[in-house]
Amino acid sequence: MIAVVRSELYRLSTTRSNALSLAIFSGLGVALGTIGADFWALLAGVGAFGFGVTGISQHYQHRTAVLLYLARPRRILVLLAQLVTAVIVSVGFTAVSGAVVLIQGDRDRYLITLVVAPIMAVLGAAAAAIARSATFLFVGFAAWILFVEAMYGKLQQPLPFSAYLDAASGDIHKLVILLGWTLATVVGAIVAIRRDLNGD
Amino acid sequence: MIELIELTKSYGRVRAVNEVTFSAVPGRVTGFLGLNGSGKTTTLRMLLGLTRPTAGAALINKVRFQELSHPARQVGAVLEQGISHPGQSGRAHLTTQALLTGADRARVDLLLEQVGLGDAAEQRCGDYSLGMRQRLAVATALLGDPSVLILDEPANGLDPEGMAWLRELLREHARNGGTVLISSHLLAELAQLIDDVVIISEGTVRYAAPLAELYGSTAARLRIRGRDPQRLWQAFEEAGATVEGDGYALEVFGLTPEDAGDIAFAAGVAIYELATDAPNLEQIFLDLVSAG
Numbered sequence: 001m002i003a004v005v006r007s008e009l010y011r012l013s014t015t016r017s018n019a020l021s022l023a024i025f026s027g028l029g030v031a032l033g034t035i036g037a038d039f040w041a042l043l044a045g046v047g048a049f050g051f052g053v054t055g056i057s058q059h060y061q062h063r064t065a066v067l068l069y070l071a072r073p074r075r076i077l078v079l080l081a082q083l084v085t086a087v088i089v090s091v092g093f094t095a096v097s098g099a100v101v102l103i104q105g106d107r108d109r110y111l112i113t114l115v116v117a118p119i120m121a122v123l124g125a126a127a128a129a130i131a132r133s134a135t136f137l138f139v140g141f142a143a144w145i146l147f148v149e150a151m152y153g154k155l156q157q158p159l160p161f162s163a164y165l166d167a168a169s170g171d172i173h174k175l176v177i178l179l180g181w182t183l184a185t186v187v188g189a190i191v192a193i194r195r196d197l198n199g200d
Numbered sequence: 001m002i003e004l005i006e007l008t009k010s011y012g013r014v015r016a017v018n019e020v021t022f023s024a025v026p027g028r029v030t031g032f033l034g035l036n037g038s039g040k041t042t043t044l045r046m047l048l049g050l051t052r053p054t055a056g057a058a059l060i061n062k063v064r065f066q067e068l069s070h071p072a073r074q075v076g077a078v079l080e081q082g083i084s085h086p087g088q089s090g091r092a093h094l095t096t097q098a099l100l101t102g103a104d105r106a107r108v109d110l111l112l113e114q115v116g117l118g119d120a121a122e123q124r125c126g127d128y129s130l131g132m133r134q135r136l137a138v139a140t141a142l143l144g145d146p147s148v149l150i151l152d153e154p155a156n157g158l159d160p161e162g163m164a165w166l167r168e169l170l171r172e173h174a175r176n177g178g179t180v181l182i183s184s185h186l187l188a189e190l191a192q193l194i195d196d197v198v199i200i201s202e203g204t205v206r207y208a209a210p211l212a213e214l215y216g217s218t219a220a221r222l223r224i225r226g227r228d229p230q231r232l233w234q235a236f237e238e239a240g241a242t243v244e245g246d247g248y249a250l251e252v253f254g255l256t257p258e259d260a261g262d263i264a265f266a267a268g269v270a271i272y273e274l275a276t277d278a279p280n281l282e283q284i285f286l287d288l289v290s291a292g
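Respectively, the protein sequence lines represent chains R and Z. Residue numbers for the first sequence, in the working numbering: 1 to 200. Residue numbers for the second sequence, in the working numbering: 1 to 292.
Next comes chain R alone, as it looks inside the complex (with noise of 0.2 Å):
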């Protein structure tokens, strides 16, 4: 598993598109925490997402799944180390543009976006593994945040974004609601992982 996250973590590091956008996002992570906690946190939430989401999903657009399957056929275990990944990189992400709103004294704040950010980055990790296609997931959650979200919810529901953003502020509830999403998502994940790697 050491070896996968390892060969990940390179793989994005060497990947000018990926770290332009890491770059991109901690910059605008950094802006956001000068004009306030709470605009930050939604950032490193959404940033953990989309982070946690192409990190897997590019695998399949690009086709480099068969070559991580032909070198580790036990797709659970990459699975997981995949996670592990997408954890590691939106805690530094989340660590770094968050910098500002430490500065500023809001520790609490900062200490608790840093534990539940990641947990978005998994969230969507385990998503991309299951639609296998960051388009469909990114155009998908838009949709699902806008329409069932906040014009059904009010963003007041038990729902996965809504539980975040109650989360990052400290809602323990919500915190283990937000937990729940995650974990049903990485069951299903681990049940989608072992469908069949088609051709072009």
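Everything labelled a hint here was simulated from the structure, so no lab data went into it.
Partner residues aside, some chain R positions facing chain Z, computed with beta carbon under 8 Å:
hint: 1; residue: 3
hint: 2; residue: 7
hint: 3; residue: 62
hint: 4; residue: 67
hint: 5; residue: 70
hint: 6; residue: 73
hint: 7; residue: 196
hint: 8; residue: 197
Note that CB positions come from ideal geometry on N, CA and C, so glycine has one too.
Following the hints, complete the assembly by docking chain Z onto the known chain R.
Only chain Z this time, still in chain R's reference frame:
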């Protein structure tokens, strides 16, 4: 050693691969021939654990691919026209794979040189030509120094020089005791490379045997041109041969070149041309496929 035992893949009612059975043995190059859509790629994907078989077994060194302890050190595979992340350089791609497989990172630069990509090591894979991507895919397959190589249409995109390079590389691998299974629809190219042949059509194996045996099963043809074609024709037929003519030269079946020369000499007809037409793998293949 590769063994496929009644390997079957169904999609609903459609049998894409139907009870495919054959072996590829060490020290030999086995060609897996079939038209597009005949089931070659699906078979190889089942062999490599990427697609689950409906029935049957695919074994590499006596175990299923998923059960190999270090797959990359035992099996190298080239699939899908050179897979790599377009944003990574060739060197970064191979280093990623080395980290993933546990291969020695020192092999990265050696392999880049070996496949002729030393000067393009820092170039993004997205800027590589198809031939360069195929070379990188071969380097990726060789990273773990495996004994078994499985290649799906590896010649696609390679120029004649690249094809000659690949041919020599695979022959060398087999000479060193490795097992090579290569699929292709470029039959003329494969004919120069393979020792054994497996022909698949509509998901079913039509023929599996040494290439020499396949050639031996077809009648050798002589092309003969002489001063008196009528007399030659008659002499060959009297010797039991089957003769056809195109008005310019005779096509003779059932005689060796030595016999044909002796018969012409005995008949007193001067020979201007006597050539053996090598069996045409493409024609044999098409005959087998259409017979199926």
